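A.B. asks: Quick one: dock chain against chain with the hints and give me the complex.
Heads up: the protein sequence lines correspond to chains F and G, in order. Here our numbering = 1-based position in the first sequence + 3. Here our numbering = 1-based position in the second sequence + 134.
Okay, the calculated beta carbon distance ranges per label pair:
#	chain 1	residue 1	chain 2	residue 2	range
1	G	Ala312	F	Arg7	22 to 32 Å
2	F	Ser5	G	Arg414	40 to 50 Å
3	F	Asp11	G	Thr326	32 to 42 Å
4	F	Glu24	G	Leu178	56 to 66 Å
5	G	Thr326	F	Leu165	33 to 43 Å
6	G	Leu264	F	Asp11	45 to 55 Å
7	G	Phe255	F	Gln26	31 to 41 Å
Here's a subset of chain F near chain G, in silico, CB distances under 8 Å, partners left out:
#	residue
8	Thr92
9	Leu100
10	Ala105
11	Val148
The set of hints was computed from the structure by calculation and includes no laboratory data. Since the structure is predicted, the reported quantities are computational estimates derived from the model, not experimental observations. Think of the CB as a built atom: it goes at the ideal place given N, C-alpha and C, for glycine as much as any other residue.
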Amino acid sequence: MSVRISLDGVDKAFTSRRTGERQQIFRDFSLTLAPDELVAVVGGSGTGKTTLMHLIAGLERPDAGTVSTGGGRPRLGMVFQQPRLLDWTSVETNVRLAATAAGVDPAEVAPILDAVGLTDYARSYPSVLSGGQRQRVAVARAFVVRPEVLLLDEPFSALDELTARRLRLLLQQLWLRTPRTGLLVTHNALEAAFLADRVVVLGGRPAEVVGEYRIDRPRPRSPEDPDLFDVHRRIVAALT
Amino acid sequence: MTVTHPAGVEEVVLGGGRSPAPPGRPPATGVVARLTRPLPALLLVGLLAAGWQLMAHTSGSALIPGLGAVARNLADITTSGALAENVRVTLTRVVLGFAAAFVVSVAAGIAMGRSEWLRRFLEPAVLIGLATPGLVKALLCVIWFGVSLLNPVLTVALAAAPALTINVAQGVRSVDPALSEMAHVYRFDALTRLRYVWLPAIVPDLFTGARLGIAMAWKVIVLVEIFGLADGVGYQLNLEFSQHNVAGVLAWTVAFALVMAAIEYGLLQTLERRAVRWRRVALR
Chain F
4 MSVRISLDGV DKAFTSRRTG ERQQIFRDFS LTLAPDELVA VVGGSGTGKT
54 TLMHLIAGLE RPDAGTVSTG GGRPRLGMVF QQPRLLDWTS VETNVRLAAT
104 AAGVDPAEVA PILDAVGLTD YARSYPSVLS GGQRQRVAVA RAFVVRPEVL
154 LLDEPFSALD ELTARRLRLL LQQLWLRTPR TGLLVTHNAL EAAFLADRVV
204 VLGGRPAEVV GEYRIDRPRP RSPEDPDLFD VHRRIVAALT
Chain G
135 MTVTHPAGVE EVVLGGGRSP APPGRPPATG VVARLTRPLP ALLLVGLLAA
185 GWQLMAHTSG SALIPGLGAV ARNLADITTS GALAENVRVT LTRVVLGFAA
235 AFVVSVAAGI AMGRSEWLRR FLEPAVLIGL ATPGLVKALL CVIWFGVSLL
285 NPVLTVALAA APALTINVAQ GVRSVDPALS EMAHVYRFDA LTRLRYVWLP
335 AIVPDLFTGA RLGIAMAWKV IVLVEIFGLA DGVGYQLNLE FSQHNVAGVL
385 AWTVAFALVM AAIEYGLLQT LERRAVRWRR VALR
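With the rest of the complex left out, here is chain G (with noise of 0.2 Å):
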């Protein structure tokens, strides 16, 4: 809609809504820089595996399998079923551990950011969580929990929770507080200022924390399921061990590095380059 003014008064556009250039929007990613993005990585694995392959031939140790071995045991372990069903059985303990642990941490560390008193009045708790080594963590919820589900459940959960905490925490201290007051202005209801105004803002941090407690749960459902627990991928890396076949130790080493790899790749990356897509927008 145009609105003419009297005279000597400027027109001004009031209405109408059709602007010449296009809105910004993120464009497809280019199919050669998708497959050539994981080459770096690749061409170290490759390196890595060449050198391992060197180093087992050049020993002719027992100690220093070569890659053939390997395989022949990773293949084995694959089409008996085992590494399918102990890895879920591995993964199903992460993922409800660091569920456990996202959401405790999530509150406990917003409640950090938003609240001095709630920070200092927890703040020893999360770095104590941070300080203890997780072998301690495992060590106590294997005597306590004994053989249960809750004994690696709760061991991932502490061991994940500390990082993510502290990380939250930073994060909602940094949201801006202009967007604060904006959001009382507008009276924004809580759920909205979560979804709208925190949780974005804080994304970074928690991807950032996410990531290091991941990784602690990771060392820790090994220790506990070597400890304390019959099956897993833990368990089937002390049998391995127990029966001195190193080959057996590195194939189960190697599907577990896999599945971290796809968990970070295909899950972890994913879910963040979704969450800052706007941030690349903008840069453009």
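So that you can see chain F by itself, here it is in the shape it has in the complex (with noise of 0.2 Å):
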């Protein structure tokens, strides 16, 4: 089912624990994201990219205003910054908890894991897999719940360049699978270029939209594609 997310007139703030003062994080925001679109959300840091990953996750609720999700709570995957794996059981297990607990039959979870390249390491824990691995088991488990919406907040900002260039690639394919509602938090312009369909630059303190980006070109994309250098440089422009 392809889902619109809607955010309207919210009111985010939060209490500093430090300093104990109220930040204003977003003041009557509104956002849309189309069925099936992915919609990449770039920022610096504090600008409030997370908190809007969480508002539509439902981690988080609006001090005013509505986040509307397609009328019911959607089947979500989400790759977090850190791939958030349980440490004390296997990779397939990772995965296959996720499937389960989102009705998917768990013979799904081994073309998922064989499509991330990890079938070998279907028994091992987690804790033996590099940092790249590690997020492949992250997309695997958003993937394997067929996610009506997928929420990627930073999915690859904690790994080295090369491996999340493959990542990225890994994630395109994927995509191009079954497109879903999509939402991707960054803080790297030519990684928002290259995924999204739509690139949307948050600034200033309450967080408003300074900057919005349509990528029109068609998937699958190259990483080298001098179309989307220029988008970035566009993106880089509105940041500064």
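C.D. replies: See the structure below:
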């Protein structure tokens, strides 16, 4: 099922634990993600990118306004900055638990592990894997649930550039198999341009949209595509 | 599966699922390492026994019997069947009491770890339970419940529960909130969260609490059996004491210590090794 995500007039504030100050992250903020659209949100630190993701994931509630995710609670697949794996159980179990909780046949775990190149590690503990392999497990877990909404919270920022580049290509391939509504939060403007249909640049406090770019390049895309570098330059210009 | 992209696009292995390095799994422990592991503990026991024998020999007092006399008493209670029967009785009481404490403590500990209000509500009871001497618990249970099975079971549960509860609560508080968020996003049900998120995370604290709880249980069960029951290791110790048979007291003490060591090394440590074997794999 294709899901439209809407944030309408959202207010969200936090009280700083350090200073006790009230920090207004969003005030009357609105954003819409069309069905099967992958939107990248780019911005500096503290511009509310992760808060935005948490609002959509249901990990935070808005102080005011509404967050609509298609009328119900859609099936979520989420890749966090850190893989957030259960280190005490196998790679296969990590993926299977998410599949079972989503009502997906556990038989689909093996094909998704095959797709991310981890079949040989299915019975291993995640702790023996490299950072890139652990993030592959997280990607497999996100896709095995057949997500209606895919949330990517700086998924490759903790990896070296070569590994991150490979995983972006992997993500693109998995996305091409079954597109769904998605939100990518990233610091990396080129990553945003490479993966997204639309890039939204956030800035200021409270956060507001300071730039918006539609990426009309067909998929599969190349990280070397000069048009993407052009978009990248414009995003960086908006950020600065 | 290998996907080929248009010109200029990198090739990414999507599928195939074959990786060159073998997955990390725990190799079998070496036989030599397994055989030599208990040597330091055995050396200590040997030194203590030698020291005791020397003391008994030089003092010549009936209050310090030699190892031979203790061994004869040990052989007597073993061959007569008294040892097996009384250890069985005592162990049954400890197991039932500890099981009750475990169920209550895990539930209370998780509640205290998850809710600040419940922590404040239950903490005084746990602290009072920790501070109250085992002797007081034993005496009160003997007074209130007499010779029924409820007496030793409740005493053991009261002795074991506080340490277990406080450790479980500590373990739950240390569960990574990032994993709780992941479990929320992927909609793990309560049972899956308990089994795969909370319990594995609190295993080290659980075993610490279990050890403290069992140590308290051993202490109070002997007291309860001395004061208010007509069988069990504590009762037998008291019987030997009333007959001024120091060798008999030592024989029962040694037998009891051996049972405790068997439970610690044979059961607890084995269970703990199995529960945290993923950490050993991670450290390789």
